[in-house]
Amino acid sequence: MTVPVIVPVATESTPPKPVAPVGRRWSPTTPLTYLLAVVVAVFTIAPVVYVAIGGFRSTGQLAADPLALPSPWEWGNYTGILGSADFWRQVFNSVLIAGTVTALVVLTGALAAFALSRYDFRGREGIYNFFTLGLLFPAGVAILPLYLLMRNLDLLDTPWSVALPEAAFGLPLTIVILRPFMRNIPSELEDAAVIDGCSRFGFFWRILLPLSGPALTTVASSPSWPAGTPTCCRCCCSATRLSTRCRWARRCSTRSTTPTPQGCWRSPRCRCCRRWCSSWSCNGGSSEG
Amino acid sequence: MALTSIPPTASRSQSGPGRRPGRQRSSLRKRVEIALFCTPALVLYVGFVIVPMGMALFYSGFKWNGLEPLNNFVGLDNYKRALSDDVFQGAVWHNLMFIILSLAIQLPIGLGLALLVNRRIRGRGLLRTILFAPYVLSEVVGAVAWLLILQPDGPIDSLLRSLGLGRFVQLWLADGNLVLYTLFVVITWKFIGFAIILFLAGLQGIPRELMEAAAIDGAGPWKVTRHITLPLLGPTIRTWIFLSIIGSLQLFDLIWIMTLGGPAGASNTMVTYILERGFQRSQFGYGSAVAVILFIISFSFALIYQRFVLRRDTEGAMTRMVG
Numbered sequence: 001m002t003v004p005v006i007v008p009v010a011t012e013s014t015p016p017k018p019v020a021p022v023g024r025r026w027s028p029t030t031p032l033t034y035l036l037a038v039v040v041a042v043f044t045i046a047p048v049v050y051v052a053i054g055g056f057r058s059t060g061q062l063a064a065d066p067l068a069l070p071s072p073w074e075w076g077n078y079t080g081i082l083g084s085a086d087f088w089r090q091v092f093n094s095v096l097i098a099g100t101v102t103a104l105v106v107l108t109g110a111l112a113a114f115a116l117s118r119y120d121f122r123g124r125e126g127i128y129n130f131f132t133l134g135l136l137f138p139a140g141v142a143i144l145p146l147y148l149l150m151r152n153l154d155l156l157d158t159p160w161s162v163a164l165p166e167a168a169f170g171l172p173l174t175i176v177i178l179r180p181f182m183r184n185i186p187s188e189l190e191d192a193a194v195i196d197g198c199s200r201f202g203f204f205w206r207i208l209l210p211l212s213g214p215a216l217t218t219v220a221s222s223p224s225w226p227a228g229t230p231t232c233c234r235c236c237c238s239a240t241r242l243s244t245r246c247r248w249a250r251r252c253s254t255r256s257t258t259p260t261p262q263g264c265w266r267s268p269r270c271r272c273c274r275r276w277c278s279s280w281s282c283n284g285g286s287s288e289g
Numbered sequence: 290m291a292l293t294s295i296p297p298t299a300s301r302s303q304s305g306p307g308r309r310p311g312r313q314r315s316s317l318r319k320r321v322e323i324a325l326f327c328t329p330a331l332v333l334y335v336g337f338v339i340v341p342m343g344m345a346l347f348y349s350g351f352k353w354n355g356l357e358p359l360n361n362f363v364g365l366d367n368y369k370r371a372l373s374d375d376v377f378q379g380a381v382w383h384n385l386m387f388i389i390l391s392l393a394i395q396l397p398i399g400l401g402l403a404l405l406v407n408r409r410i411r412g413r414g415l416l417r418t419i420l421f422a423p424y425v426l427s428e429v430v431g432a433v434a435w436l437l438i439l440q441p442d443g444p445i446d447s448l449l450r451s452l453g454l455g456r457f458v459q460l461w462l463a464d465g466n467l468v469l470y471t472l473f474v475v476i477t478w479k480f481i482g483f484a485i486i487l488f489l490a491g492l493q494g495i496p497r498e499l500m501e502a503a504a505i506d507g508a509g510p511w512k513v514t515r516h517i518t519l520p521l522l523g524p525t526i527r528t529w530i531f532l533s534i535i536g537s538l539q540l541f542d543l544i545w546i547m548t549l550g551g552p553a554g555a556s557n558t559m560v561t562y563i564l565e566r567g568f569q570r571s572q573f574g575y576g577s578a579v580a581v582i583l584f585i586i587s588f589s590f591a592l593i594y595q596r597f598v599l600r601r602d603t604e605g606a607m608t609r610m611v612g
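Here the protein sequences come in this chain order: B and H. For the first sequence, counting from 1, position 5 maps to 5 in my numbering; every step adds exactly one. For my numbering, count along the second sequence from 1 and bump the result up by 289.
Just chain H, with the same shape it has in the complex (with noise of 0.2 Å):
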């Protein structure tokens, strides 16, 4: 690994070739520095993310129910399966449907929040307080908390009723055209928190000189937002979107609790698939080929947007690699 000099500014730019002073001492103090600081980290991330990783991927290629020897190699079966596979496909879309909704709800709702909470209102500390609260809590706990105001005729049931709007009550979660819909109420409520914190912690970066400047020039709070908070804030919205899908696509622990996938999968995503398949059923070759699978669309979407979205934001982080 070749070391550029370091400038003792970090620029934003790439190492240029240009400024190499020969000073191969403090060279070489600054690559120790560099090993020192990154080892840690790499360590524990190789250990025990892309090791058991690379071991699902070993396993992806036998039929293996978890216990006997692995000497069942089926080549690329599970794959061939999983592809064709009904119920499989209709975890796809589920998890296709949550990134839709999440970016068409999610997104407006998390901005006008962390906008209302950034400005000068009374009780702003504990508003935030709130609003991070369903965050802060285990995703377990706020499941639980849900399936038991959901439960048929539940708090939410006699609501309704009390409030004489009877005939909306509904079998939130085991109606299989709206669990999901249900289930995204539920998961807006517990990773909104998220959003406010990212988008309040761009809000804060912002100068507010800026702000001021706009509004002596006679800008109204609306365009101030529109023109200079929101600009400002691409770089976190981007990120936000990104964390966002990814997240989507791995959603899990609070379907898994809630509904189990059910009813008869209609709340099926890939993960609770996978768990079904590889834990219930003792497949774990056949698991381990849709976590792969999984992984490849992950993936993918993330070079498409790291290509296409982020770039600008980082540089070309990812698409480097390929070129």
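Same shape as in the complex, but just chain B (with noise of 0.2 Å):
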């Protein structure tokens, strides 16, 4: 690529973003956007806010006023969760499933999108079309099946019945996100790339990937953890009830005696998910392990 570089940059150290106009560094607009700046912060993160603080206090003082601030500060709550061992496994539950499905969904989705983007071959079109069928997909219908299909390959109550669906779910949305940013890459790069000695392979490790940061960053904090445990609790919320309603648990637990969502299910958002479920399926019986 051959643009002359008319305007030295002054900023070497920030990254490469459009700006302004040069030269403008207060126009009347910006105290207007830094009234909505401060206005859609707060909105954004008032919810969370209150959500910590409330932590501090006691149902008694949530219940007397809404707003008010922890009087006394109550500890209790939080000390009592971090002291508790159950906890620390489901984060740690949590962090292994999350991790390994970020590993899965970055390593194979960022090759099939290599593939795909800057091969030419007959059928690419194909299998792209046949990843972005995976969009369409709801995850929410796939419980029963792959509930089922977790227990026939005796992956049940294992992180990777979690971490398996998970990263396969992710996979479309990586690849729809990856190839047209791997494909913009400039050819030259790779030109440059193959007269040097440089090979398939090592062109994608050595400068696709490296190039492709900014989409891998959303794609690898897309779908593990938001869109992840959702999923995960959902099956979790399935297991909840088929434990709770005894008629199927007894019926349908072939290999375990209740199909009690064990070890990987406890994280702290299926515990959560699950107290929902519980609190609102038939007999509302709890199945804490």
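What the hints contain is simulated information worked out from the structure, not anything from laboratory work. Cβ atoms here follow ideal geometry from the backbone N, Cα and C, with glycine treated the same way. Heads up, some of the hints might be wrong.
What follows is a set of in silico ranges between Cβ atoms, one per label pair, in the way DEER data are often shown [as the list claims (entries may be wrong)]: (1) B:82 with H:502: 51 to 61 Å; (2) H:515 with B:148: 49 to 59 Å; (3) B:126 with H:325: 51 to 61 Å.
Fit chain to chain and form the complex, with the hints in mind.
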């Protein structure tokens, strides 16, 4: 690429970004911009802050005046949680699953996106379409088949039973995001790399992946935490439901005595979700392990 | 799978029949490479997405409670039942409302905020972090937080009262006419971060030379945004619209936790309907049929959208399949 640099870039340290026209530091709209920024930030963060501070209050305090600050500050809620071994086990499970999912999605997704973006071959669009099809499958629909599948594979009650479907359902979005990004990386770079003796994989590993940083970050941050755990929760909810419905539990569990959510199901979110499920499901029995 | 040779440049053009230097060895090598790159993703994807969905399709032909042997084949009865069910039609309508609201409200907000945090303002990093926070949070945590905030006589209500706006206090989640809008606010809060991430990534890809050139030619900030930034952001925006609509069709977690589709089905979406029928009432065959209907709706939409809107961005990705 031979774009003559007309304006010497002053700040080397900041990443390249489309900037406001040069020399404009203060305009009449600036205070408005800041006002808007503050309003948006407050709206966004208030619910989180409210819940975090609410954690320092007792139920009585919460009911008496929902808006007041804690008085006295109840540290028991937090210390109780942080001190329980159960909680740390849940954290460990969550981290383990999220890490596995992210690694699986980024690795397999980036490889596939590489093949689908920088190779020309027949069937390429077909494979890509096949992957995009996955965007249209609501994961919630697949709970029951997945549950049965995991039982057949003997993976129930292992972290894999959550991580594998999560990763699989995260793949389509990953590839949809990564492919255009990788495709837009100038081919001159590839030429240069090949001329310098770089292999295909070398180009992928040393040039394409580092350059795909922004897109990879998006991908890595998207599937595992937010979209990820709910499905786990859904499975977990369904398992809870199975176990609370004793009729089912007895008949359906061939392997374990009850399909109780064990091990991996015990992430904090699942727990929390399970509480909702069990408060709602027919006889409300909790299935805490 | 016959391979045309791969030019070192990954050109955007489709594989033309023109270039085919007959170097068999390198062609074989490339074939192997492609296979190696694609296989892990394909295995994962087929095993845990396609196979379960195929199973759902299979179950949809049966009247089945999930446990007994599959022997009560009912053909298309489940589908007929779903399509004539008022509750299901209501659920479809709610999904449609979420789509319309997303496009009309989330898109401008997302674009505006992306442009905002892309500007050189003080505390930009902090602002970005804050805006992404809800998206990074689990949907479940967000939903529970909002549930606490919106409960009757909860903080929202007391805030309104203390501001002297007591007459605006509502049963935010228990009023059938209001619940969809309340949920939409929460959904926007939760997912606007994704729009911003996507738009920001798109903005980073716009060469700054273009903007500088426009600025030198005398274009003001508004004109630069209108005539350079937004058009170049077009592919990203169209991708977001696609993902947003698909996401709206599949809304589930937040709603399930906050209202369970209630009150009286007023916030049912198709997926909460599936789970309610499938799990709560053990109608797995029927639930699967609804799932298949949802898939058909999503699929038709995607096909149309790809064909008429995304075509120039993705070079006719999905339309190619059907000719």
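Exercise. Are there hints from earlier that the structure breaks, and if so, what are their numbers?
Worked result: 3
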